[in-house]
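Asker: Take 360 as the starting number for the sequence shown in the numbering used here and just add one per residue.
Quick caveat, the hints were computed from the structure, so don't treat them as lab data. It cannot be assumed that every hint is accurate.
[Unchecked claim] Calculated pairs, DMTMM-like style, for lysine to aspartate or glutamate (alpha carbon to alpha carbon, straight line, at most 25 Å):
| hint | residue 1 | residue 2 |
| --- | --- | --- |
| 1 | Lys454 | Glu419 |
| 2 | Lys454 | Glu444 |
| 3 | Lys454 | Asp417 |
| 4 | Lys454 | Asp398 |
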Amino acid sequence: MLCPQPLIRLAPITSGLIQRNPNILLGGSHQPTLLRYLDGWPKRWAGPRTFLINFVHDGESLARFASNHFDMAVIQAPTAAQLEETVRQLTRIAKQGLITRR
């Protein structure tokens with residue numbers, strides 16, 4: 360008796376899907392510097408992409424954004440008092456994130 364091998368997928372189903380226009384969140388006071396962090400992200404894309412970029416001011420709450428709304432978020436390091444809440448919100452709204460030092 361032959362038993363066929365089951366297909367097992369260890370990665371999430373959506374891992375192979377690439378959005379044509381990824382949503383990006385940039386948070387901080389010096390936006391040109393934040394844009395430089397996106398240079399070459401990610402390098403595995405086959406064709407051109409258009410980023411849909413949203414900006415937030417330094418220290419502005421991220422609670423207004425839906426969960427998993429952004430493909431990438433780059434924010435400047437929050438103050439010590441805001442750190443815990445900012446990291447909690449960042450992990451909720453973004454699939455990938457980067458916190459830069461001031």
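Asker: Now look at each hint and say whether the structure bears it out.
Answerer: Evaluated hints:
1. Between Lys454 and Glu419, the direct Cα distance comes to roughly 19 Å. Compliance with the 25 Å bound is thereby established for this hinted pair.
2. A hinted pair counts as satisfied when its Cα atoms are at most 25 Å apart, and Lys454 with Glu444 qualifies at roughly 17 Å.
3. With a C-alpha separation of about 20 Å, the suggested pairing of Lys454 with Asp417 holds against the 25 Å cut-off.
4. Taken as a hint, the Lys454 and Asp398 pair is honoured in the structure, with Cα atoms around 18 Å apart against an allowance of 25 Å.
The structure fails none of the hints (numbered hints given earlier).
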